[in-house]
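Participant: Protein sequences appear in the order of chains H and C.
Anchor point for the first sequence: position 162 equals 162 in my numbering, and the numbering is continuous, going up by one each time.
Anchor point for the second sequence: position 261 equals 498 in my numbering, and the numbering is continuous, going up by one each time.
Please keep in mind that the hints were generated in silico from the structure rather than gathered at the bench.
Here the structure is a predicted model, which means the values were calculated and not measured.
The reader is advised that the hints may include incorrect statements.
In silico DMTMM-like pairs for lysine to aspartate or glutamate, Cα to Cα no more than 20 Å straight-line [claimed, not checked]:
1) C/K399 <-> H/E70
2) C/K460 <-> H/D217
3) H/K215 <-> H/E27
So, partial list: chain H residues that the calculated Cβ filter (under 10 Å) puts toward chain C [stated by the list, open to error]:
4) F62
5) L66
6) Q76
7) V79
8) F84
9) A86
10) S87
11) R120
12) K124
13) R146
No residue lacks a Cβ here, since even glycine has one placed at the ideal position from N, Cα and C.
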Amino acid sequence: MAMIKVSDLTLGYENRAIITNLSFSVEEGDYLCIVGENGSGKSTLMKTLLGLQKPMSGSIVFGDGLQKNEIGYLPQQTVVQRDFPASVQEIVQSGCQARCGWRPFYNKEEKRLAEQNMERMGIKEYARRCYRELSGGQQQRVLLARALCATRKILLLDEPVAGLDPRVTAEMYELIHGLNQEGITIIMISHDITAAVCYATHVLHIGKRTFFGAKEDYQNSDFGKLFQMQEDGESHV
Amino acid sequence: MFDTLIHYLEYPFVRYALIVGVLIALCSSLLGVMLVLKRFSFIGDGLSHVAFGAMAIAAVLNFTDQMLIVMPITVVSAVLLLRTGQNAKIKGDAAIAMISVGALAFGYLMMNIFSTSSNLSGDVCSTLFGSTSMLTLTLRDVIVCAVISVLVVAVFLLCYNKIFAVTFDEGFASAVGTKVKRYNLLLAVIIAVVIVMAMKLVGSLMISALVIFPAISSMRIFKSFRSVTIFSVVLSVVCAVAGMLISILASTPVGSTIVAVNVAAFFLCWGVGLAVRR
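Please model the complete structure; the sequences and the hints are all you need to start from.
Facilitator: Structure follows, in C-alpha cells:
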C-alpha cells in the first residue's frame, strides 16, 4: 500500500478551484518533487496534505502505518521568525511537541533526539546561538532539524532553498538527498526545476496541465522538455 | 525619605497597592513577550478600551460588582480579536483599532448621557489613567488578584513549550498536531483577564506599556525565548515597585510613573544591548 494516496482531489479557496481532479501516490522512500508556475496551488496542495486546509473534494489516505502527526514539515520562513528571540536548541526541541501530548515538558529522550538531529544537520555548535543571527542556510538547517524531530518517515519541504545562494543551495540539496538515502520519504516543492529533478525519483507538475510519474518519463515527455527549456531560458536571461 | 516610606507602608491600602502592582506587572509581562512577537502589541490597548466601554455600561446600569459585566465582555472581544488575526476580511491591526476606538467613544457617550455623577471628567480620567482606584483596593480585591495571578502563572508554565511552538510557527505546530486554535483561545482569555485586572493599576490608556515595554527591553539584551521571558518578568516587577515607591514619595500619579520608569528602563536596556553586541 502507498504511504500517501491522493485521489480525485480538488483544491481551492472560496468555491474557486485551483487544482481539479488530482491523483497521485507516494511510496515509501520516494523523492517527489512538486513543480509548477506561481499560483498553480503547490503550497495549497502541501497544506492540504498536512491537514491545515480542507480539500473541496477528493480524498487523501495515509498508509504504511503513517500517522497524521508523524509528518515532518519545513515551511517557508515567516516575517515573525526573522526577529524572533529564540535559541537554536529551543527551536529544534519544539519539533518534539507532538510526542508530548498532554505532558507539559520535554523529557530526556526528546532532548536527546533534538541533540542528535542538531548533530545530524551539523549545527550542534550553534545550539545556544540566537536563531535570528544565523545565516539563511544555517536557519534552514535548524528548521530541518526541527522537522526531523517530528518524523522518522516523511518530510514535506516547501521551497527549502528559497533565498539561498548557489553554494548553500547545493549543500541543502545534498543534505536532503542524504536524508532520502537514509530512507526518509521526501516531498518537495521547488521552483528550481533542473536541480530538483536531478535528485527526485518522481515529479508532479501542476498547472494548466498535470503530469505525475517517474522522473525519467517526465524528462522524456514533450511537456517536461518544454518546461525545462523555458526554465533554462529564464535562468540564462 | 526612608521614614516617609515606612510611614506610608504602615497603611494597609498602600501595602495592598504594592502587592497588586507586583502581581499585575508579573502577569502582564509574562504575556507581553508572546503578544509582541505575534504582532499583537496593541491588543492591550484595544481590550482595555473595550473594558472601559463595558465599565461605562456597568456604571449606567448601576451594577454593584462591575466585574460581572466587564470581564465577560472583554473576554469575548479578546477571542474575537485573536480570531480575526488568522483569517480576516479586516486585518488584525485595523480590527483592534476599530474595536478600541469604537468602545472608547461609546463608553464616554454612555457616561455623558446617563451619568449621575457630579464629577464626570474626574471619573473618566481615573478610569483612563488609573489615578486613584489603586488606593481604594480592599482585601477582597487583593485576594482575587492573587488567585488570578497564580492561575495565570500556572497555566503559562504548564503550556510554556506549546506557547513557544505556537508563537514561533503556527503552521508547523498545527501540522504536527498541536491544537493551535485551543491555545490561541486560552491565551485570549488569559489576556483579557490580565488586562481587566491591570486597569486598576495604570488605567486603560497605559496598559499597553505594561505589556510591551518589559518584553521589548528584554529583547534588546537576551537571545533565547526563555531568558527573554524571565528577564522581562523581573524587569517589569522591578519597574512597577520602583514606580509605585516614587509615586508615593513624590506624590505623582501611579500609572504614569510606572510607565515612565519602564520607558527609562527600555533606554537603559537598549544601551546595554548595543554595548554587549559590540
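Participant: If a hint holds in the structure, say so; if it does not, say that too.
Facilitator: Verification of the supplied hints:
| no. | hint | in the structure |
| --- | --- | --- |
| 1 | C/K399 <-> H/E70 | 17 Å, holds |
| 2 | C/K460 <-> H/D217 | 49 Å, violated |
| 3 | H/K215 <-> H/E27 | 14 Å, holds |
| 4 | F62 | 13 Å, violated |
| 5 | L66 | 13 Å, violated |
| 6 | Q76 | 9 Å, holds |
| 7 | V79 | 8 Å, holds |
| 8 | F84 | 6 Å, holds |
| 9 | A86 | 5 Å, holds |
| 10 | S87 | 4 Å, holds |
| 11 | R120 | 18 Å, violated |
| 12 | K124 | 16 Å, violated |
| 13 | R146 | 7 Å, holds |
This entry does not satisfy hints 2, 4, 5, 11, 12, going by the numbered hints stated previously.
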